[in-house]
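**Q** For reference, the chains in residue letters:
Protein chains: 2
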Amino acid sequence: MLERCFGVRRVRQIQRAARHGTVTFLCLFMTVVVLRGTIGAGKFGTPEQDFNDIRERFYSHNRRVEPHRVLEEVETTAAAAQNDNADSNNYATFDISKILKDEEGGADEKRDPNAPYSLGPKISDWDEQRAGWLKQNPNFRNFVGPTKPRVLLVTGSSPKPCENPVGDHYLLKSIKNKIDYCRIHGIEIFYNFALLDAEMAGFWAKLPLIRKLLLSHPEVEFLWWMDSDAMFTDMAFEVPWERYKDHNFVMHGWNEMVYDDKNWIGLNTGSFLLRNCQWSLDLLDAWAPMGPKGKIRDEAGKVLTNALKGRPVFEADDQSAMVYLLATGRERWGEKVYLENHYYLHGYWGILVDRYEEFIENYHPGLGDHRWPLVTHFVGCKPCGKFGDYPVERCLKQMDRAYNFGDNQVLQMYGFTHKSLASRRVKRIRNESSTPLELKDELGLLHPPFKAIKLSS
Amino acid sequence: MLERCFGVRRVRQIQRAARHGTVTFLCLFMTVVVLRGTIGAGKFGTPEQDFNDIRERFYSHNRRVEPHRVLEEVETTAAAAQNDNADSNNYATFDISKILKDEEGGADEKRDPNAPYSLGPKISDWDEQRAGWLKQNPNFRNFVGPTKPRVLLVTGSSPKPCENPVGDHYLLKSIKNKIDYCRIHGIEIFYNFALLDAEMAGFWAKLPLIRKLLLSHPEVEFLWWMDSDAMFTDMAFEVPWERYKDHNFVMHGWNEMVYDDKNWIGLNTGSFLLRNCQWSLDLLDAWAPMGPKGKIRDEAGKVLTNALKGRPVFEADDQSAMVYLLATGRERWGEKVYLENHYYLHGYWGILVDRYEEFIENYHPGLGDHRWPLVTHFVGCKPCGKFGDYPVERCLKQMDRAYNFGDNQVLQMYGFTHKSLASRRVKRIRNESSTPLELKDELGLLHPPFKAIKLSS
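Line order of the protein sequences matches chains A and B. Just so we're aligned: the first sequence equals residues 304 to 760 in this note's numbering. Just so we're aligned: the second sequence equals residues 304 to 760 in this note's numbering.
Chain A on its own, in the form it takes in the complex (with noise of 0.2 Å):
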């Protein structure tokens, strides 16, 4: 805040100019982002650079090549289905142990180098000890309904101020939006500020922190992971956990995209379910190598581009290593994962956040598909980092309008709403009422049946 010693009326003046976005600004901006972003932004890096790095990572998959990405989803979202001709022989095996034996001796590696890495000591029996516990704790009940799984909404973010000040307001929407999805839907979070494993910084932070919070909670039925920079944009939407009881991971994405063509964006891993059990704990262990930073990271990254189609050259992601270990390993792992497109999970934001005001118009919250998605995902937007790969005003504007599109469901339980999807400010949809039980709420979100079997007895 102590740039306001400058002077905060010209700072404001830039920035209510930048609000209004003239044309010339936005291009003097988007000059220094790239000169800046050519000359290498570590010249101006303070001595936390790495941790911003890493930090800036985490909340997004694959800085530098969002709009490949985005190109792509938006093409093979339709092209999917009949999508098959897929050159699936040509790619490399990853061979850990090589990258090992290069890592030998590395000053930067903290643990043995000949260890291969781990997510802590190995696990085999984890379904016998996990039932156990829940026979001795009846109080804890994994499922809180008959069909209802114990559910742990999992996000976080760094746990240093935003490089972008404007960046934490939004993390701070972004979870607020979380909390009321689960308010209403009965499912707790746990809100991440630690980086649990140095090793496993930037976007692999959330496999060491997954791993712990489902060997200390056997009373949760499934994880769900979502990114910070992802919200929830259908309050009514209740997930179908009984289309799941036959699989222990679900991520948004298409079978061909990721078996066939093995297409590093044929899934999302901003928002995900993971069942608690031995299966689970083996896929994390599978999905771990690629992680530690540096050397095999680095290596992996190549096998990953080698591999993947569409896939940039750089540092391996765990969204591609995800779709690398699916596509050579179907046998081992595709039974248990449900690769989702019936809903949005996840959503990708480019595709939706300009059809808000057409779903209002045609559709109704509870669908939680492309007529209303559960999920608005801004990947790519990182408005916490200091260069996100989309203009900063298109980022925020439209982040706006994702969190004031799912805020008005909440809003309409108490009889309110925002006056535009571009507007904090909100107004009266109805007047008030001496006898306040007698109306109920257009979408049932004040009640909802799906929340009250979570303690019925």
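What the hints contain is simulated information worked out from the structure, not anything from laboratory work. Possibly wrong hints are sitting among the right ones.
Put simply, identical chains are the same to the list, so a pair is met inside one copy or across any two.
To be verified - With a Cα cut of at most 20 Å, we get these calculated SDA-like pairs of lysine to any residue:
#  : residue 1 : residue 2
1  : Lys700    : Ser737
2  : Lys463    : Thr720
3  : Lys743    : Arg444
4  : Lys451    : Glu491
5  : Lys451    : Arg486
6  : Lys598    : Glu431
7  : Lys639    : Tyr547
8  : Lys730    : Pro511
9  : Lys463    : Tyr641
10 : Lys605    : Pro592
11 : Lys743    : Asn440
12 : Lys451    : Gly489
13 : Lys612    : Glu664
14 : Lys730    : Arg658
15 : Lys451    : Pro441
16 : Lys451    : Lys548
17 : Lys438    : Leu740
18 : Lys596    : Gly423
19 : Lys425    : Thr738
20 : Lys730    : Gly637
21 : Lys612    : Asn558
22 : Lys700    : Gly632
23 : Lys639    : Thr450
24 : Lys722    : Asp430
Use these hints to put chain B onto chain A, whose structure you have.
**A** The following block gives chain B in isolation, referenced to the frame of chain A:
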């Protein structure tokens, strides 16, 4: 974020300098603050100045006067017990009608100036309405355990980004802190971003919000209001609900200071418990009349300053109004009000934050009192506002310490702790186990009995 156009590097250097707080710079900064305070920030303001002022005031009580309050709180806390030499007679009676008369034709008044302000249509049979609803909806029990009520914690902040950019980061830490306490204790959270009634802006905005939530959620037995600048510092302390079975309104405070001294800091309204019942609706109706912005609030402020001990001259605030209401109407309200001082339902930060190391050395979480405070409330810090009543550096440093002090109790569940109360970084406190369910966390917070009750059949 656009001020980076002037060069992030320079801003950052200054920020670093500020963090390490050279006396020179602090002096310069405070001079600027004081100077600008004198000139009046309005001159530097944006069109949203008014809204900002409202916003700033919303999240602390009595912006201009904390220092007095602080001194008094420290003095009186000790003296409270035997202190009862009050000037019980010498105060005016608040003539709302007279003020409303003056208000007639006031251009800025939206509602009928002849009608006294009301939070909503009069409701006299809420207990019957609510009982009927609870009977019809057995799956939404108002008690989730034999003596454990269903509780909704309500907090919030402005829908606008903070004036002081770092403020949003502290709001984020503050809600993460509340999410943790509430998950551990089986409490639901409502985070408010909306100004439901423009007339009740500022520290009065919580009244219409609270009424709305009580009437919308008959299943909620107790509503827990907590300011955004208050943090949980004892994650293990469960509120002694049994103790309040015959009371409807619980605040931190002292009977002597309120009823005898009429001291304006005899209680604190930054963290309180309110039962969902007719009595509480009546209390809100009796509490609200001094709230309407403009002449009413200004005139009421004079009445309060004249009536209450130690209150400086400024517009009516919700806390002073409550002291006044109780002091002048003990027979009407006193019986159902519990002024709690055996633990810190609200704890003034100034007398706590420097003693965390002492607490850690001598005591343990779960006490909630002067040995390990349940809540540390950063009265007067307003990290989100332009100017607080304390040096920004001290506030932020201490808010970080309070957050980490509380967060260590969360991290210990998972085998981690902050490297120090001043550090965001975490370190392991035990090795990973292959039989994680065998080790119980020290504080038993992973599966606490008071939470188990919640889901028992």
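**Q** Failing hints, ascending?
**A** Result: hints 1, 6, 9, 13, 14, 20, 22, 24 break, sorted rising.
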